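*Asks:* These are the residues of each chain, in order.
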Amino acid sequence: MLVVPEREQLPVADARAGNAEAWTTLFRRYRLPLYVYGFELLRDEQASLDLVQETFISAFRHITSLRDDEKFGGWLFSIAHQKCVQQWRRQGREAELREELSPEPEAGSPDPLDVLLREEREAEFMKLLEKLPLPQRSALLLHYIEDFSLEEIARITETQVGTVKSRLHYAKRALRKLLEEDRL
Amino acid sequence: MKTPREILLKRYRPVEPKLDRMWAENLATELQSKATPARENVFLAVGWTLWRELVLPNRRIWAGLACAWLSIAVLNLAFSEPATKVVNQSKPPSGEELRALIEQRRMLAQLIGPLSEPAYTLKRTAPGPRSDRVAQTSAA
Numbered sequence: 001m002l003v004v005p006e007r008e009q010l011p012v013a014d015a016r017a018g019n020a021e022a023w024t025t026l027f028r029r030y031r032l033p034l035y036v037y038g039f040e041l042l043r044d045e046q047a048s049l050d051l052v053q054e055t056f057i058s059a060f061r062h063i064t065s066l067r068d069d070e071k072f073g074g075w076l077f078s079i080a081h082q083k084c085v086q087q088w089r090r091q092g093r094e095a096e097l098r099e100e101l102s103p104e105p106e107a108g109s110p111d112p113l114d115v116l117l118r119e120e121r122e123a124e125f126m127k128l129l130e131k132l133p134l135p136q137r138s139a140l141l142l143h144y145i146e147d148f149s150l151e152e153i154a155r156i157t158e159t160q161v162g163t164v165k166s167r168l169h170y171a172k173r174a175l176r177k178l179l180e181e182d183r184l
Numbered sequence: 001m002k003t004p005r006e007i008l009l010k011r012y013r014p015v016e017p018k019l020d021r022m023w024a025e026n027l028a029t030e031l032q033s034k035a036t037p038a039r040e041n042v043f044l045a046v047g048w049t050l051w052r053e054l055v056l057p058n059r060r061i062w063a064g065l066a067c068a069w070l071s072i073a074v075l076n077l078a079f080s081e082p083a084t085k086v087v088n089q090s091k092p093p094s095g096e097e098l099r100a101l102i103e104q105r106r107m108l109a110q111l112i113g114p115l116s117e118p119a120y121t122l123k124r125t126a127p128g129p130r131s132d133r134v135a136q137t138s139a140a
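Chains A and B, in that order, give the protein sequences. Sequential numbering from 1 applies to the first sequence in the working numbering. Sequential numbering from 1 applies to the second sequence in the working numbering.
So that you can see chain A by itself, here it is in the shape it has in the complex (with noise of 0.2 Å):
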């Protein structure tokens, strides 16, 4: 019982023909989205200002590229990871990047993003999300904030996916510890 925002109906292909107001509706619609993911992941507030703004520039500059109008949402979003990537590079962070995952995740766990928090837990929630790998944390993230499929994050992410489930997994078992210390 995720909430996340329905499939709206965007105004992709005005934003395509040059309509300014399309492009403010698409703004307002991802602005905070695109924040929160840049954050997560550079942990800096100007460059995450940055990387939103980078993104929207990008996006008016290639919007022809955009086959799908449907996809605007992850298309958008697979330029902010490059420029997320782009950046950990020059930070110099690459071995933060790879991992040592199993390929297949241990079948049948219950979801534990699928449940709500309390208020209480939110400040050990986003210190648990800062903990998580960088991989892992970009895939939790897509999952959380827009409620990417895997195959979207996969293309976003440029991994396989069956990569993006195992990401998913480690990421949700550290989060059911949180969980059940919750239950108690």
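Hints listed in this document are in silico derivations from the structure and should not be mistaken for laboratory results. There's no promise every hint is true.
SDA-like mimics (lysine to any residue), calculated; alpha carbons at most 20 Å apart, straight line [said to hold, decoys possible]:
| no. | chain 1 | residue 1 | chain 2 | residue 2 |
| --- | --- | --- | --- | --- |
| 1 | A | LYS83 | A | ALA154 |
| 2 | B | LYS2 | A | PHE125 |
| 3 | B | LYS10 | A | LEU128 |
| 4 | B | LYS2 | A | LEU32 |
| 5 | B | LYS10 | A | ALA123 |
| 6 | B | LYS2 | A | GLU122 |
| 7 | B | LYS10 | A | LYS71 |
| 8 | B | LYS2 | A | GLU130 |
| 9 | A | LYS131 | B | ARG11 |
| 10 | A | LYS71 | A | GLY18 |
| 11 | A | LYS177 | A | GLU124 |
| 12 | B | LYS2 | A | ALA174 |
| 13 | A | LYS83 | A | LEU32 |
| 14 | B | LYS2 | A | ARG176 |
| 15 | B | LYS10 | A | ASP147 |
Which bits of chain A does chain B cover? Going by a derived footprint, with three or more residues having C-beta under 8 Å, they are [stated by the list, open to error]:
| no. | segment |
| --- | --- |
| 16 | 18-30 |
| 17 | 34-44 |
| 18 | 55-61 |
| 19 | 117-123 |
Sample of chain B residues facing chain A (criterion: CB under 7 Å; computed from the structure) [claimed, not checked]:
| no. | residue |
| --- | --- |
| 20 | LYS2 |
| 21 | ILE7 |
| 22 | LEU9 |
| 23 | VAL15 |
| 24 | TRP23 |
| 25 | LEU31 |
What you are looking at is a predicted structure, and each value in this text was computed from that prediction instead of being measured. Ideal placement from N, C-alpha and C gives every residue a C-beta, glycine not left out.
With chain A held as given, fit chain B onto it using these hints.
*Replies:* Positioned in the frame of chain A, the structure of chain B alone reads:
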């Protein structure tokens, strides 16, 4: 109780005014410049779009062009002759050619009369000894 999405968005909501200011100051201007292209640039933009959409991603076109250039290069190498020095030699006219020329001039003179000679011609002669010139003037 909140969803992870709600927690995340709520936490960063205070940054929204900054994002809006950034939109007004930088992005709206960038968009304005892109949204209203100059009339003369429209053809350029259409051409560029066609190039980018039709030609650039089409591997067949690039493969065809590569083949064409390759075959031109091969043909050029196969049929080119070794470079030879062409020396432009002007041969002196042979005796027969001279005779034919004289004959032609004679026939022309018979048909249209004698060719008018130039009023005077400059004779370039090598200067003689100074003593000879003095003798000629004194005789005159």
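*Asks:* With reference to the structure, classify each hint as holding or not holding.
*Replies:* Right, here's what the structure says about each hint:
1. Straight-line distance between C-alpha atoms of LYS83 (chain A) and ALA154 (chain A) comes to about 16 Å, which keeps the hinted pair within the 20 Å bound.
2. Between LYS2 (chain B) and PHE125 (chain A) the CA atoms are separated by roughly 12 Å; this keeps the pair inside 20 Å, and the hint holds.
3. Between LYS10 (chain B) and LEU128 (chain A) the CA atoms are separated by roughly 17 Å; this keeps the pair inside 20 Å, and the hint holds.
4. In summary, the hint linking LYS2 (chain B) to LEU32 (chain A) is supported, as the alpha carbons are separated by about 18 Å, within the 20 Å threshold.
5. The straight-line distance between the Cα atoms of LYS10 (chain B) and ALA123 (chain A) is roughly 12 Å, inside the 20 Å bound, and the hint therefore holds.
6. Proposed proximity of LYS2 (chain B) and GLU122 (chain A) is supported: the alpha carbons are some 9 Å apart, at most 20 Å.
7. As the CA atoms of LYS10 (chain B) and LYS71 (chain A) are separated by approximately 25 Å, the hinted pair breaks the 20 Å bound.
8. Annotation: proposed proximity of LYS2 (chain B) to GLU130 (chain A) holds, straight-line Cα distance about 19 Å (limit 20 Å).
9. Simply put, LYS131 (chain A) and ARG11 (chain B) have alpha-carbon atoms about 17 Å apart, close enough for the 20 Å limit, and the pair holds.
10. Restraint check: the Cα-Cα separation between LYS71 (chain A) and GLY18 (chain A) comes to about 18 Å, which is no more than 20 Å; the hinted pair holds.
11. For the suggested pair LYS177 (chain A) and GLU124 (chain A), the alpha carbons sit about 11 Å apart, so the restraint of at most 20 Å is met.
12. At roughly 19 Å between alpha-carbon atoms, LYS2 (chain B) and ALA174 (chain A) fall within 20 Å of each other, so this suggested pair holds.
13. The hinted pair formed by LYS83 (chain A) and LEU32 (chain A) meets the criterion: a straight-line CA distance of about 17 Å does not exceed 20 Å.
14. Of the supplied pair hints, the one linking LYS2 (chain B) and ARG176 (chain A) holds, its CA atoms being roughly 16 Å apart against a limit of 20 Å.
15. Note on LYS10 (chain B) and ASP147 (chain A): the hinted pairing holds, with a Cα-Cα distance of about 17 Å set against a maximum of 20 Å.
16. Coverage of the segment 18-30 of chain A by chain B holds. Counting CB-CB distances below 8 Å, 6 residues qualify, and the rule asks for three or more.
17. Under the rule that three or more residues need a Cβ within less than 8 Å of chain B, the assignment of the segment 34-44 of chain A holds, with 4 such residues.
18. Proximity of the segment 55-61 of chain A to chain B, defined as three or more residues with a beta carbon under 8 Å from a beta carbon of that chain, is established by the 4 residues found.
19. With 4 residues bearing a CB less than 8 Å from a CB of chain B, the segment 117-123 of chain A meets the requirement of three and the coverage assertion stands.
20. Annotation: LYS2 (chain B) was flagged as interfacial toward chain A, and the flag holds, the nearest CB pair being 6 Å apart, inside 7 Å.
21. Below 7 Å, beta-carbon pairs count as interface contacts, and ILE7 (chain B) has one with chain A at about 5 Å; its hint therefore holds.
22. A distance limit of 7 Å between C-beta atoms decides the matter here; for LEU9 (chain B) the minimum to chain A is near 6 Å, and the interface restraint holds.
23. About 6 Å separates the beta-carbon of VAL15 (chain B) from the nearest beta-carbon of chain A, less than 7 Å, and the hint is met.
24. For TRP23 (chain B), the interface hint holds, since its Cβ comes within 7 Å of a Cβ in chain A; the closest pair sits about 6 Å apart.
25. Interface restraint check for LEU31 (chain B): the shortest CB-CB distance to chain A comes to about 5 Å, inside 7 Å, so the restraint holds.
Violation of the numbered hints given earlier is confined to hint 7; every other hint is satisfied by the structure.
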